[in-house]
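A.B. asks: If you want the building blocks of each chain, they are given just below.
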Amino acid sequence: MKRLLKTVKSFTLWELFQGLFVTGRAFFGKKITVQYPEEETPISPRFRGMLALRRYPNGEERCIACKLCEAVCPAAAITIESEEREDGSRRTTKYEIDAFKCINCGFCEEACPVDSIVLAPEMHYHMENRGENILTKEKLLAIGDLFEDRIAADRNADQKYR
Amino acid sequence: MFEQLLSLMWIVAKILLIVLPLLGVVAYLTMAERKVIAYMQLRVGVNRVGIRGIGQPIADAMKLIFKEIIIPTASNRYLFIIAPVLAMAPALVAWSVVPFDDGWVLANINAGVLFIFAMTSLGIYGIICAGWGSNSKYAFFSAMRVAAQMVSYEIAMGFALVGVLLAADSMNFTEIVQAQSGSVLHWYWLPLLPLFVVYWVSGLAETNRAPFDVAEGESEIVAGFHVEYSGMTFAMFFLAEYANMILISSLAALMFLGGWLSPFQGIPLLEATFNWVPGIVWFAVKIALFLYLYLWIRATFPRYRYDQIMRLGWKVLIPVTLVWLVVVAFAVQFHLAPWFNK
Numbered sequence: 292m293k294r295l296l297k298t299v300k301s302f303t304l305w306e307l308f309q310g311l312f313v314t315g316r317a318f319f320g321k322k323i324t325v326q327y328p329e330e331e332t333p334i335s336p337r338f339r340g341m342l343a344l345r346r347y348p349n350g351e352e353r354c355i356a357c358k359l360c361e362a363v364c365p366a367a368a369i370t371i372e373s374e375e376r377e378d379g380s381r382r383t384t385k386y387e388i389d390a391f392k393c394i395n396c397g398f399c400e401e402a403c404p405v406d407s408i409v410l411a412p413e414m415h416y417h418m419e420n421r422g423e424n425i426l427t428k429e430k431l432l433a434i435g436d437l438f439e440d441r442i443a444a445d446r447n448a449d450q451k452y453r
Numbered sequence: 138m139f140e141q142l143l144s145l146m147w148i149v150a151k152i153l154l155i156v157l158p159l160l161g162v163v164a165y166l167t168m169a170e171r172k173v174i175a176y177m178q179l180r181v182g183v184n185r186v187g188i189r190g191i192g193q194p195i196a197d198a199m200k201l202i203f204k205e206i207i208i209p210t211a212s213n214r215y216l217f218i219i220a221p222v223l224a225m226a227p228a229l230v231a232w233s234v235v236p237f238d239d240g241w242v243l244a245n246i247n248a249g250v251l252f253i254f255a256m257t258s259l260g261i262y263g264i265i266c267a268g269w270g271s272n273s274k275y276a277f278f279s280a281m282r283v284a285a286q287m288v289s290y291e292i293a294m295g296f297a298l299v300g301v302l303l304a305a306d307s308m309n310f311t312e313i314v315q316a317q318s319g320s321v322l323h324w325y326w327l328p329l330l331p332l333f334v335v336y337w338v339s340g341l342a343e344t345n346r347a348p349f350d351v352a353e354g355e356s357e358i359v360a361g362f363h364v365e366y367s368g369m370t371f372a373m374f375f376l377a378e379y380a381n382m383i384l385i386s387s388l389a390a391l392m393f394l395g396g397w398l399s400p401f402q403g404i405p406l407l408e409a410t411f412n413w414v415p416g417i418v419w420f421a422v423k424i425a426l427f428l429y430l431y432l433w434i435r436a437t438f439p440r441y442r443y444d445q446i447m448r449l450g451w452k453v454l455i456p457v458t459l460v461w462l463v464v465v466a467f468a469v470q471f472h473l474a475p476w477f478n479k
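Residue numbers (our numbering), protein chains in the order written: chain D, 292 to 453; chain A, 138 to 479.
So that you can see chain A by itself, here it is in the shape it has in the complex:
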């Protein structure tokens, strides 16, 4: 009994160890986004709260916490309240199978990729519930858009993941990363380059980020599914969106950029020089790289038109992944060196 309790507390401690830094990163990601986009527009961005604007996320959080939560009388109360939870929970749960270093993983299950895929798909229900439960035209339009967009891009994303499974011969993230060890050229970004690009594009679409952010389409439907939300309920959607961004970035790092593996592996002198750097640092650097790419893309590209989004998803990304899956299958079958010759 006591031992069970102890192991339970150990698990809770590990969960806190993952979730609390994650929320911190989410908070500062919002600031990084404002800063990066400002810099790209030749502005300086937030710099008033604290030293160089470092207190801005905290000030934002305080403001949101103290705001009133308004529940529209015409809304479906139950769905309206449960929607932010539905959006937030899967974004956090998915982190349980992400390995931060060799063996640093909460649940080392053998179907990690499948679990992640299920969790990211569940996140859609939060948005659809919010759109339906709000009983507002804009929110409803947004929910419709999200439903169609996410279902379309999930297929392309799923196929991109199938390519990784095929290459690594495993659904376990730790094994996927270990299959990439060798050098930078052994990472899967090179043999699976088209799938990598497709994964990234559908990742942008899955998280409703620019240039696929029609769900929030400020110019057409105000704020989309969260028009009717205020205060902390709105903040939950915000947190979920950013947590999902970090999740997609970390998955891209795990599956295509070798997770916690050092980029200097296989280079004689540099490998020894950087041996002391813990794997989690490399993992964090790779995640940061992808997050920056998220912001960079947002600052650069205009929003897609809706039919163009659909065309890209169904007529470009899915055929590309199908073709490259065949290529990967052949490469694996014939043990193409240096990636598949194990």
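Chain D extracted, bound-state conformation:
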């Protein structure tokens, strides 16, 4: 009986029609493609993209040259030199990240006691010449200024878990 049923099934192409039915239904189904340059998928507030240095709202840079990020960086991408500023506070004279070494792990951001070094939620960037991979302090601060709104919003959204 079982064998008979199997023979009938295979000669009526029953399972093949079932398969065709599945793809036939998908043909009219909702398409899930994201048309990339025009549309983008939503990104998490924890997204780790471009590196950036933040400032306080009064324009003072946050970094206090504690060098915790330099110590924690697993790829040794961060180089910091510091000295005393005229007003007596400790500040960096050199803060450089080699973007080629950086693995976007986000440890520096976790280590930072003043939320200075962050990974901005921006991923569309490129380099055209040699040497541009070295992100100097000026560049990092400029990136921070550019995306400050989004960086702050993301940090706020994730505040509970930080």
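These are computed hints drawn from the structure, not numbers from a lab. Even for Gly, the Cβ is constructed at its ideal location relative to N, Cα and C. Some clues are possibly wrong.
Taking lysine-lysine pairs in the BS3-like style, the calculated list, with each CA pair at most 25 Å apart, reads [what the hints assert, rightly or not]: (1) 300/D with 452/A; (2) 297/D with 452/A; (3) 321/D with 172/A.
Derived DEER-like restraints, expressed as beta-carbon distance ranges [unchecked claim]: (4) 467/A with 324/D: 49 to 59 Å; (5) 426/A with 421/D: 55 to 65 Å; (6) 310/D with 475/A: 31 to 41 Å; (7) 419/D with 209/A: 33 to 43 Å; (8) 308/D with 150/A: 36 to 46 Å.
Mind docking chain A on chain D? Use the hints.
C.D. replies: Same frame as chain D, but now just chain A:
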């Protein structure tokens, strides 16, 4: 002399009238394939070139035309060059006996089915020459596979055609179609249903389409017989494959779905309503139906294992056709109504 020249030019004009639209359909069939398969995989497919991707086939053709044709030093030059021609020519020549409407046929020969069968068989030589001439392991494996597969499935296909000949009592396509007139139920898909299925399955195998595309087996032998081909030579194989697909579809429409006959024939009110539609439109609709089935099947079924292909061809399809041939023979002998009572 002048009259001969005139008739020759008239024939050339007719050939162009067939071949040029055919190449256009081939181009857009590649796009339809990408679109249909994309839709079945919940993607949207090509939509960048032109409006909704309508320029994609043209862009593809331009790219292929401007690419370099590389001839491997180890290859057999003569076979390597002649192979794409051998693949392409039979696929186009076969169209000469296909009637597009009542009387719309380039060569109304009385052995049309035989001619088609010979031409589709010749197409194999292009692929075998390509596989042998390339002097490459993958191409050679593919040629071996194609040779065995096509020879096996040709038998089943031939028997399926014999059933049609038996039923229509003619080898001429126009007469085969006319023998099916009456209504949708008079078309041969119903009395010859097993042969219809066998014809379609062996048609898939003959054109090396999924799920029988071991000749190209991307996962095992890269691209099979055309690994060594580039640019226009590759495009020729591509064109031949798609032209063959359209040919097999049109033959299925002619022999089993009544060619250019209206599907509303015999239904009192609808027949009169759709009387103005020319037969070629119905023929095109039926071909499109089969082409869609080609793509649908490709999007659905995984590739057969090679020994399974052989088993299906020899141990299932050939016995089925033999049995049904006997049934058809009896039906014809005893003038079984409504199909064979003429």
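A.B. asks: Now tell me if each hint is right for this structure.
C.D. replies: To see whether the hints hold, each was checked on the structure:
1. Of the pairs offered as hints, the one joining residue 300/D and residue 452/A holds, with about 17 Å between alpha carbons and a cut-off of 25 Å not exceeded.
2. Between residue 297/D and residue 452/A, the direct Cα distance comes to roughly 17 Å. Compliance with the 25 Å bound is thereby established for this hinted pair.
3. Taking the CA atoms of residue 321/D and residue 172/A, the gap is near 14 Å; set against the 25 Å cutoff, the hint holds.
4. Distance hint for residue 467/A and residue 324/D: a CB-CB separation of about 54 Å, consistent with the stated range 49 to 59 Å.
5. Checked against the hint of 55 to 65 Å, the C-beta distance between residue 426/A and residue 421/D comes to roughly 59 Å, which is consistent with it.
6. At about 34 Å, the CB distance of residue 310/D to residue 475/A agrees with the hint of 31 to 41 Å.
7. The beta-carbon spacing between residue 419/D and residue 209/A, approximately 38 Å, falls within the hinted interval of 33 to 43 Å.
8. Separation of residue 308/D from residue 150/A is about 45 Å and conforms to the stated range, judged on CB atoms against 36 to 46 Å.
The structure is consistent with each of the numbered hints, conforming to all of them.
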